[in-house]
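Each chain, written out:
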Amino acid sequence: MKTLRSQRLALLGCLLVANTGCATLISGTHQNLNVDVRPPGSDVTLYRWNGDIAEGPIPSPSTTRIHRPKGGFPYLAVASKPGTCPRYWIPTVGTSPGGWVSTVALMATLGLAAICGALVDSIDGAMFQLDSSEFTNVMLQEEPCGS
Amino acid sequence: MRQLSALALGLVGATVACRAVKLRVEAPTVESATLRTQVVKGDPPSPSQCSLPCDLKIRHGSKQQVLIEAPGYYPAQFTFTYDNARVAPEIEDDDEDRRFLRVPLLRRSATPQPSPDESSGATEPPPSDR
Numbered sequence: 001m002k003t004l005r006s007q008r009l010a011l012l013g014c015l016l017v018a019n020t021g022c023a024t025l026i027s028g029t030h031q032n033l034n035v036d037v038r039p040p041g042s043d044v045t046l047y048r049w050n051g052d053i054a055e056g057p058i059p060s061p062s063t064t065r066i067h068r069p070k071g072g073f074p075y076l077a078v079a080s081k082p083g084t085c086p087r088y089w090i091p092t093v094g095t096s097p098g099g100w101v102s103t104v105a106l107m108a109t110l111g112l113a114a115i116c117g118a119l120v121d122s123i124d125g126a127m128f129q130l131d132s133s134e135f136t137n138v139m140l141q142e143e144p145c146g147s
Numbered sequence: 148m149r150q151l152s153a154l155a156l157g158l159v160g161a162t163v164a165c166r167a168v169k170l171r172v173e174a175p176t177v178e179s180a181t182l183r184t185q186v187v188k189g190d191p192p193s194p195s196q197c198s199l200p201c202d203l204k205i206r207h208g209s210k211q212q213v214l215i216e217a218p219g220y221y222p223a224q225f226t227f228t229y230d231n232a233r234v235a236p237e238i239e240d241d242d243e244d245r246r247f248l249r250v251p252l253l254r255r256s257a258t259p260q261p262s263p264d265e266s267s268g269a270t271e272p273p274p275s276d277r
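Line order of the protein sequences matches chains A and B.
Under my numbering, the first residue of the first sequence is numbered 1, with each subsequent residue one higher.
Under my numbering, the first residue of the second sequence is numbered 148, with each subsequent residue one higher.
Some clues are possibly wrong.
Below are the DSSO-like pairs computed for lysine-lysine, each with C-alpha atoms no more than 30 Å apart in a straight line [what the hints assert, rightly or not]:
#1 B:169 <-> B:188
#2 B:204 <-> B:169
#3 B:210 <-> B:188
#4 B:210 <-> A:70
#5 B:204 <-> A:70
#6 A:70 <-> B:188
#7 A:70 <-> A:81
#8 B:210 <-> A:81
#9 A:70 <-> B:169
If you're looking for bench data, these hints aren't it; they were derived computationally from the structure.
From a predicted model like this one, the values you see are computed outputs, not experimental measurements.
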């Protein structure tokens with residue numbers, strides 16, 4: 001009887017470990033971001049909403065690895081170059097491929113292990129990704145800046 | 148009875164989920180800045196313009212164009228939605244359940260660009276770094 005209980009506990013532990021951080025294992029906590037802002041020499045900085053810099057300045061054009069948005073909290077992106085008008089936008093936060101797997105696992109099993117996994121994936125950002133297309137073909141306007 | 152309870156619970160949940168979000172907008176390092184909004188979709192925020200820092204009430208389902216201007220800085224213009232406000236970080240130990248957004252404004256470069264609202268225009272050019 002005791003052996004059976006310990007086996008079940010071991011199985012539960014294995015499930016917990018296997019499912020924890022599913023998206024973290026598949027997609028990782030970082031993503032590639034292609035930045036293409038014109039004129040050349042511009043750069044992009046990603047700010048957290050408390051005003052701290054999360055990533056950057058990222059020179060353009062370039063491809064860089066950035067941390068996925070933790071908890072799905074969006075960044076505030078600012079593209080700038082001295083002498084031109086900076087462009088501000090809030091990049092769209094979507095679900096990463098690993099995030100989809102984690103979500104499906106959560107819905108299919110509705111188990112504690114899956115919930116733990118989804119929680120880990122959400123906190124470390126692996127569930128999410130920035131829409132890379134919003135960082136390409138960005139054109140900065142010459143001064144004077146219109147309002 | 149049970150159905151009524153479920154209905155009441157659902158209504159309360161929907162009210163909480165759809166209520167307006169109070170958002171404090173700040174522009175750190177800037178002495179005086181003004182914020183103006185233009186509605187793109189839904190109800191306008193209140194107030195629709197103010198001096199920073201200021202508290203905006205963002206209505207459910209709304210989308211607005213936000214413009215922040217300060218003398219000596221480039222204007223910041225971006226689209227802001229109710230969903231953005233909903234996920235903004237909360238102000239700690241705040242009874243009013245407010246959230247906040249700090250918008251970094253960039254200083255104008257050394258090239259003199261007289262602006263109509265800069266009366267003196269004689270301020271020394273700041274470095275272009277942020």
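Take a quick look at whether residue 169 of chain B and residue 188 of chain B sit within 30 Å of each other, Cα to Cα.
holds, 18 Å
Given the proposed pairing of residue 204 of chain B with residue 70 of chain A, does the C-alpha separation stay at or below 30 Å?
Since the Cα atoms of residue 204 of chain B and residue 70 of chain A sit roughly 25 Å apart, the hinted pair holds (cutoff 30 Å).
What's the verdict on residue 210 of chain B and residue 81 of chain A, does the C-alpha distance respect the 30 Å limit or exceed it?
This hinted pair holds, its Cα atoms lying about 28 Å apart.
When you check the alpha-carbon spacing of residue 204 of chain B and residue 169 of chain B, does it fall within 30 Å?
OK: residue 204 of chain B and residue 169 of chain B at ~5 Å, within 30 Å.
Does residue 70 of chain A pair with residue 188 of chain B here, judged by a C-alpha cut-off of 30 Å?
holds, 28 Å
Could you grab the alpha-carbon distance between residue 210 of chain B and residue 188 of chain B and see if it respects the 30 Å cut-off?
holds, 5 Å
Hint check: residue 210 of chain B vs residue 70 of chain A, CA-CA at most 30 Å. Holds or violated?
holds, 24 Å
Please work out if residue 70 of chain A and residue 81 of chain A have their alpha carbons no farther apart than 30 Å.
Judged against 30 Å, a Cα distance of about 28 Å means the pair holds.
Given the hinted pair residue 70 of chain A and residue 169 of chain B, is their alpha-carbon gap at most 30 Å?
Holds - the C-alpha atoms of residue 169 of chain B and residue 70 of chain A are around 22 Å apart, at most 30 Å.
Of the numbered hints given earlier, the model fails none.
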